[in-house]
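Asks: Order-wise, the sequence lines are chains G and Y. Residue 68 in numbering that gives the first Met the number 0 sits at position 69 of the first sequence, with consecutive numbering throughout. Residue 50 in numbering that gives the first Met the number 0 sits at position 51 of the second sequence, with consecutive numbering throughout.
No incorrect hints appear here.
To give an idea of the chain Y side of the interface with chain G (calculated C-beta under 8 Å), a few residues:
hint, residue
1, L4
2, E27
3, P139
4, V140
Below, computed lysine to any residue pairings styled on SDA-like, alpha-carbon distance capped at 25 Å:
hint, chain 1, residue 1, chain 2, residue 2
5, G, K16, G, V42
6, G, K16, Y, S136
7, Y, K137, G, S132
The following residues of chain Y were derived to be distant from chain G, with all beta-carbon distances above 12 Å:
hint, residue
8, T44
9, N58
10, R64
11, E66
12, K72
13, A75
14, E76
15, E86
16, G92
It is worth saying that the hints were derived from the structure and are not from the lab. Virtual Cβ for every residue (Gly too), placed ideally from N, Cα, C.
Each chain is listed here by its residues.
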Amino acid sequence: MVSEIYKKIVVATDGSKEAEKAIESAVELARLAGAKLYALYVVDRAAFLATPLVTMPIDVAWGELEEHFRHEGTEATKKIADAAAAVGVEFEAKVVEGHAAEEIIKFSEELPADIIVMGSLGKSGLSRFLLGSVADKVTRNAKLPVLVIRS
Amino acid sequence: MTEKLYKKIIVATDGSKEAERAVKYAIELARDTGAKVYALYVVDTAIPTTSSMSVAWGNVHEFLREEGAEATKKIAETGAKAGVEVEKKLSEGHPAEEIIKFSEELPADLIVMGSIGKSGLDRFLLGSVSDKVTRISKIPVMVVRNY
Numbered sequence: 000m001v002s003e004i005y006k007k008i009v010v011a012t013d014g015s016k017e018a019e020k021a022i023e024s025a026v027e028l029a030r031l032a033g034a035k036l037y038a039l040y041v042v043d044r045a046a047f048l049a050t051p052l053v054t055m056p057i058d059v060a061w062g063e064l065e066e067h068f069r070h071e072g073t074e075a076t077k078k079i080a081d082a083a084a085a086v087g088v089e090f091e092a093k094v095v096e097g098h099a100a101e102e103i104i105k106f107s108e109e110l111p112a113d114i115i116v117m118g119s120l121g122k123s124g125l126s127r128f129l130l131g132s133v134a135d136k137v138t139r140n141a142k143l144p145v146l147v148i149r150s
Numbered sequence: 000m001t002e003k004l005y006k007k008i009i010v011a012t013d014g015s016k017e018a019e020r021a022v023k024y025a026i027e028l029a030r031d032t033g034a035k036v037y038a039l040y041v042v043d044t045a046i047p048t049t050s051s052m053s054v055a056w057g058n059v060h061e062f063l064r065e066e067g068a069e070a071t072k073k074i075a076e077t078g079a080k081a082g083v084e085v086e087k088k089l090s091e092g093h094p095a096e097e098i099i100k101f102s103e104e105l106p107a108d109l110i111v112m113g114s115i116g117k118s119g120l121d122r123f124l125l126g127s128v129s130d131k132v133t134r135i136s137k138i139p140v141m142v143v144r145n146y
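Looking at chain G on its own, in the form it has when it is part of the complex (with noise of 0.2 Å):
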């Protein structure tokens, strides 16, 4: 089936267990609008420095940490691919830096897509991307729907 209304679908990923849902769901919904679904990872410095665990010193090895992060966005949005593909879903990723509730608002209205999915919380032993309060900001920011799914 083509849905009348689903035709881009956007899904935040953090690369958390916790997302893992929300991205089931996405790749589940795109396969039955027949939409096309976009992954989205956003390197989030801010989020990362603002957290109690992170003092100036790792703020000196920020070169390496965003490789990482860079890397981990890779990998997550590979996945969904892999997911995508495995159903016949056509998919685009892409990976971009900034806060995390702006780029996905920023990323979504430009497309524009039609409905924004995602998890409700981050990776709960580092805690530095807090995808909860994400999942907030966008729900009461984006002008299209959001979908939040908690894990």
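Start from chain G and add chain Y according to the hints.
Replies: Chain Y only, in chain G's frame:
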């Protein structure tokens, strides 16, 4: 995926024009996924806060029930046009609590709701209701803003 993505979708309405966009998205999502829609309107019993107002509660209550009947009937009609099964449901209490309660009782797979209530009357504040539901709900919540 062998199991259906969504079997039961709740769309919560406050009867406002702002909720209509959420209804549109919910019905289409149900059509795409083959789900049944439950149109829920909550008569907000928290509205009359002062004693002078509670005197008139009988009238307000009646008005809200009628509004709920109208709003859910409209959703059923929209569903019928799209070939989507819709069940109407009216309940009473605090909107966020009732939405969560109903979703757990069904149990539903998804809650769809608008984010802005009636601006003039301002009595429902769907914005804050959707915030609460998003935070409390264990099942997925889809918020559809009106612009």
